[in-house]
Amino acid sequence: MSTTDTSDVTTDITTDTSDVTSEATTETSDVAETITETAVTITIDGRSVAVPEGATIGAACNAAGVNTPTLCWAENLTPVNVCRVCVVELEGSRALVPSCSRIAEQGMVIHTDTERVRHSRRMVLEFLGSSVDLSQTSDLHHWMDIYDADCDRYSEDDHDAKRVDEPVKIQDELYIRDYSKCVLCYKCVEACGDDAQHTFAIAVSGRGFDARISTEFDASLPDSACVYCGNCVAVCPTGALQFKTEYDLRQAEQWRPEDQTVTRTVCSYCGVGCNLELHVQDERIVKVTSPSDHSVTSGHLCIKGRFGWQYVHG
Amino acid sequence: MTDIYLSDERATDPEIAAVNAALSAAGADPADPVVILETDRLYTSGTARRRQRRHFLLPALHALQNTAGWISPGGVNYVAEMLGVPPAEIFGVASFYDLLHTEAPDHLDDVFHVCVDSPCRIEGANDLADRLRAEGKHVHLGPCLGQCERAPALFVQGCGGRPDYVPADSAATGATAKAATGATTAQASDSATTQAPDSASTKASTEQPFLLPQAPNKSLRLLRRIGVVDPCSLDSYIAHGGYTALHRAAEIGAEAVLESVAASGLSGRGGAAFPTGVKWRAVAAESAQPEQSEQPKRSKQSKHVVANCDESEPGTFKDRIVMQHDPFALIESMTIAALSTGATQGWIYIRGEYPLATTRLQNAIKSARAAGLLGTNIADTQHQFDIVVRRGAGAYICGEETALFNSLEGFRGEPRNKPPFPTTHGLFGEPTAINNPETLLNVIDIVNEGADAYRSRGTERSPGTKLFCVSGRIGHAGLYETPFGITLGELIDLAGGVTGSGQLQAVLMGGAAGSFVGPDSLGLPLTLEDTRAAGTTLGSGVVMVFDTSVDMTDVVVRIAEFFRHESCGQCVPCRVGAVRQHETLVQMQHRGRLSPQRRALIDDMAEVMADASICGLGHTAASAVRSALSLGLISQAPISPGLISQASIS
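Protein chains in written order, with the working numbering: chain A, 1 to 314; chain B, 1 to 650.
Hints listed in this document are in silico derivations from the structure and should not be mistaken for laboratory results.
Please note that the accuracy of each hint is not assured.
Claimed, not checked - Among chain A residues calculated to face chain B with C-beta under 7 Å, some are:
{"id": "1", "residue": "Ala-39"}
{"id": "2", "residue": "Ser-120"}
{"id": "3", "residue": "Phe-200"}
{"id": "4", "residue": "Ala-203"}
{"id": "5", "residue": "Leu-221"}
{"id": "6", "residue": "Pro-222"}
From a predicted model like this one, the values you see are computed outputs, not experimental measurements.
All residues carry an ideal CB built from backbone N, CA and C; glycine is no exception.
In isolation and in its complexed conformation, chain A is listed as follows (with noise of 0.2 Å):
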């Protein structure tokens, strides 16, 4: 659950506009890029806020200093908007909009607190509680505290209400998925797909409620066309996907993120020049990430800076 440092985003929107503008655009307008000067200014919760043309009014809800909850939205990956908790209220609209992904237009009057945007974050909040496992979802319980949310109450005595309730796949030494924990946020799609890696070895198959992440016919990922670059991994906002090494300690109760260092190089496989964050726990290299802000890598790796490691330990 990212709710980004607001000082960091304000920043970014106003020295770094290329930026923001072109990403936030591709899919409504390509000839934003050359007027990414031009400023719109809407309102959020009786504030004035202005924002280059084509940022969301996420990214406006951040420049105001007003964090907003979400799931399926991270700033290296194209907004899918499905997970439904970053819903505003826009005067005007019929319905809540998804602050993620709608683009901030001249005069909007947007309101984050009201009592049907409360409303509709607690019950997306309780459905997810209610389905799936939210137990390594960081941040989450966070908002589920402001918003009262009661993921309990769907059962009664006499009924069970139905959750995802999947086996481990456990199918190689890199990692691990556990879709008991998945919210079908599909960021591990777009990175497998699309947005970084153009792999394509899972998608999202079946539908409602039984719609789940697979390769063709589940096959397994040892034969699937994965190539084991674990962007899908390092995107995973629940613990749904998890690298064997994490997987192995939480389960050995061993699991420390307090007790970890995370040291930022430089891999050392080509030329590249990728940024590695390397987790470190008890003298040992538990996970490597990148960051996500990296101009090289928008914190996405192969499998070589990634898994690469263990040479490290002789």
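With the hints as your guide, set chain B onto chain A.
Showing chain B alone in chain A's frame:
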């Protein structure tokens, strides 16, 4: 470009032949696969060609399903090679649709689909299913098949190369009676395959004339040719006044047509009632020139006219009857839409459960093309326009316009966020006018007689006539056309009155996405404005009648189950909300009561589905349930009136 990883499985010869035939019929060259093997890996423009060919995916999947009874791994690999679509994505698409199966079947027999939605469930759907099972048939219980006027409905999905067919249509068209019982001679019946038009065209002239309950009479407008014209003959259509509107449109020009449509006050008949004139004007204003973009999705930007024939709203069958019995009218009105918006490409997306309508539309397109009414110079206007027919594969959500685009393009039928709207970013991301067949048919009259004459029917704010799909416990279920403004009671009387107990309990207006009204609404004028003011909807024109003997709890629980089954799963409010709503109602059915907490929960869920879902499916998924609760149709239903009065006495 990316390589496509394929497993070792290979398609069988029949699968390859079927896919090749389907691709050829759809206009793709099977001798030109997208995946270039080893030595040719550096072939350029693979990505662009993949984009251009992906929309052939659904026809290819239909061919695989029809051949082997499922979408096999080998078949997926072959289609992946032909179209350049990754196998995981093909699997994701195939597993989305009810009519496509991704698990190996244990038989190669035809599958008998029996509708279990109302009114079929109250007219003996389960008995029909039992009878078929007793005959050794493979039965699949599923959602509305669009034959509510002849409930319980049956649709047969062919296997082993045998075409799909609807027994009731086969019987009516005089095709082999054996088809009705599923004998393997189904090839003789109306075929869903592309080779079928010729057989259909020779058949209709010998069939019994189709009779509307209103019979052909002079007050009918949209339905005036139904049962009168030969649906397989362009000459017959022209002899009954067909194509005068297109010629008139060509004469007065696009601007005049746009003005007339706007002045007529015509609004969309699919349920949303958006002004057609506004929609068309917006598409006409879009440039047909390619936008500046480094990688255009197609070689050049086109504008499109799409007929949304994915009629899947439970209780709706109007478009099926129109398309089966007056297919040229749809082709003519789409051509008028193309002339006035500047569109060059037409698409008919028709639900897979309508094989006869599909065949007749294909035949109509072929005839119109041969007569120069489609093609490069339609009606001597120098305007280019042609129409392609694509079949859906069993998904209610694909009636949502943006889900329909995704489905047609070869993606999962998941709705897109709006804005941007179809008028600017529709099919293939290009400007698109998408309309319901009933809406399009109105344009013929508007062009022929002018907006003023058109407005002489109906009311000021709901001009024209409306098609009503009357079904359930009613004397003469069927398709009716009246001017807007007839009252609900008058319509029910026109259709022969309430049957069963003879006492009206409730009417479902607008289908599963609509709402129930009680007997006190018989005076309600059926107009957009009056139904809206009364808190209900005309929706797609469904008027489903329930007498007092019907167990409404069962009906409403099924509606909740329908939405649970049909939710695409993309957004959380609908994916989980539809399940929780159904669970709560099932629990109520078992307990025989709904506690105040559970009642509040239903309202809580309804609000988030209406407020935060992506599309209309989620927005309306609780509407019928809530109306049934507020009318008292279900909350006390399992407790008999006797018990209640005893309790109140003591």
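So, going through the hints one by one against the coordinates:
{"no.": "1", "hint": "Ala-39", "result": "violated, 20 Å"}
{"no.": "2", "hint": "Ser-120", "result": "holds, 4 Å"}
{"no.": "3", "hint": "Phe-200", "result": "holds, 4 Å"}
{"no.": "4", "hint": "Ala-203", "result": "holds, 3 Å"}
{"no.": "5", "hint": "Leu-221", "result": "violated, 11 Å"}
{"no.": "6", "hint": "Pro-222", "result": "violated, 12 Å"}
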